[in-house]
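Protein sequence lines, in the order shown, are assigned to chains R and U. Counting from 1, position 256 in the first sequence corresponds to residue 256 in the working numbering; the numbering is continuous, with no gaps. Counting from 1, position 35 in the second sequence corresponds to residue 1035 in the working numbering; the numbering is continuous, with no gaps.
Hints listed in this document are in silico derivations from the structure and should not be mistaken for laboratory results. All residues carry an ideal CB built from backbone N, CA and C; glycine is no exception. There may be inaccurate statements among the hints.
Computed list of lysine-lysine pairs in BS3-like fashion (alpha-carbon distance at most 25 Å, straight line) [said to hold, decoys possible]:
(1) Lys1007(U) to Lys6(R)
(2) Lys27(R) to Lys1082(U)
(3) Lys1080(U) to Lys2(R)
(4) Lys1054(U) to Lys27(R)
(5) Lys1034(U) to Lys1082(U)
Label-pair restraints from in silico Cβ distances [said to hold, decoys possible]:
(6) His1063(U) to His62(R): 54 to 62 Å
(7) Val1119(U) to Lys69(R): 33 to 41 Å
(8) Pro1059(U) to His62(R): 30 to 38 Å
One letter stands for each residue in the lines below.
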Amino acid sequence: MKLDSKAYILVIAILAQNVVVLLLANKTFVSFLDQTIDAYRYPLFVAIFINILGFIGVISVHYIIKFLKKEKDFILKLNDSKGIIDALQGQKHDFNNHLNVVAGLLQIGKDKQALEYIFKISGKVEEVFSISKIKNVEIAATLYRKCAIAESKGIEVDLYIDSNLEYIKIAPIDICKILFNLIDNAIYELDNCRDEVRVLTLDINEVDDKYRISIGNSYPVLSPDLYKKVFDRGFSTKGAGSGHGYGLGIVKSIVEKNKGIIYVESFENVGTVFTIELPMNVRLREAEAQ
Amino acid sequence: MLVIIEKLIIFFIEPFLMIGAGLGVTGNGISKGKMASISAIYSLLTYGIRTFYKMRGIPLGTHTIILCISLVIMLILIGKKKALDSTIAVLFSLGLIVLGEGVFLFPLIDLLHINLAVVLGKPGMTIGLGLMSEIPLIIAFILCYIFKITIIDLNYFKEAKRM
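Next up, chain R with everything else stripped away, as it sits in the complex:
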């Protein structure tokens, strides 16, 4: 059913309930009056109709909640869009700074260093702009924001984006929760490590009919006996009694709810990598291909 028809039916149902309630209230009022007023009397079918209206009330509430949920999703999308705009403004600011450095190097005759600087920056720009390949605006916005946060903490961010995630089969709010938790965890661990080189890795690719998103942090390295334990509710490496240890459990339940899988691997000199595999909407992909 179309949205405007739904809205009309919803309004009519609520107004009909309103009229019925008022009529019944007035009937009660009349019964308290001293004198006899020619009170309205209704046949049985009206009574049945009133009961049906009562049931429709539940459906109305259901639709109102659904509309509110949609509105919430739209607000989230809007916030994500604002995030992208902020990130792009940040990029523009950085770009101006880089141009100033290049201009300065050229002015003092350091041509070779200027060229090296350009090569270095162009690689970095290419990497950051690879996020814009992602067609899912919520994921792109989350990655932009989180990468900016990581870099502001001095963490090196390596991006390997080989998929646009166009047909990812998951609700935007769910994928955002997953990414927020996993990337925040990685940033937290790297921020608290004393290693000189701290690397956050994001790898997005497609395998068969699935999307694979890997988030890695160069520190810490987990022992294999913790691979399953980290997803237990209440388990945390951040210290007991701090309210931690629920994020990964939530992430696991969201991934499984969306028919995906999540696992963790850890290697010496590499760090810990959380990988999620989520299904692709194959029907939509094939329909669009035709």
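Please arrange chain U on chain R, whose structure you already have, making use of the hints.
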């Protein structure tokens, strides 16, 4: 005779306000000419139905449903409005009339110990009491039809569909 004229006048005022307030609340406009012609027909219809019920000894109640359906049909045919818009307009206005009865008319009767059988026979009282129950409708008419304040803006959904 005077009572009949008074009844016809109040039966004319009521749908006039109902159409203006009901359609105005959803942001739908209608010309005063169309409102007046629908109200004139509705007025005669209301009088006819009420008299018929009285003659046959049928208790009032279901006549409201018949009148509401008639008003919706008239809004579709004469007012050239959509069925859903017309239904919303009538239900909204009816709700306000019933609210007016409950909030203004019945408490007044109770407070002043008015004997309706006696009072309704006096000149001007039918219109007076009728308008008493239509206070919320009059307020809605002023706000929604005259000042064009849209409370249930369903045009938004139509615009969203076009986008």
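A quick look at each hint next to the structure:
The suggested pairing of Lys1007(U) with Lys6(R) is violated, with an alpha-carbon distance near 39 Å, which exceeds 25 Å. Between Lys27(R) and Lys1082(U) the alpha-carbon distance is near 32 Å, which puts this suggested pair outside the 25 Å criterion. Only pairs whose Cα atoms come within 25 Å are accepted, and Lys1080(U) paired with Lys2(R) is accepted, the gap being roughly 22 Å. Distance hint between Lys1054(U) and Lys27(R) is fulfilled; the C-alpha atoms sit about 20 Å from each other, no more than 25 Å.
The suggested pairing of Lys1034(U) with Lys1082(U) holds, with an alpha-carbon distance near 15 Å, which does not exceed 25 Å. His1063(U) and His62(R) have their C-beta atoms about 34 Å apart, which leaves the hinted 54 to 62 Å range violated. A hinted range of 33 to 41 Å for the beta carbons of Val1119(U) and Lys69(R) is inconsistent with their spacing of about 53 Å. Here the CB-CB span from Pro1059(U) to His62(R) is close to 36 Å, well matched to the stated 30 to 38 Å.
Checked against the numbered hints above, the structure breaks hints 1, 2, 6, 7 and satisfies the rest.
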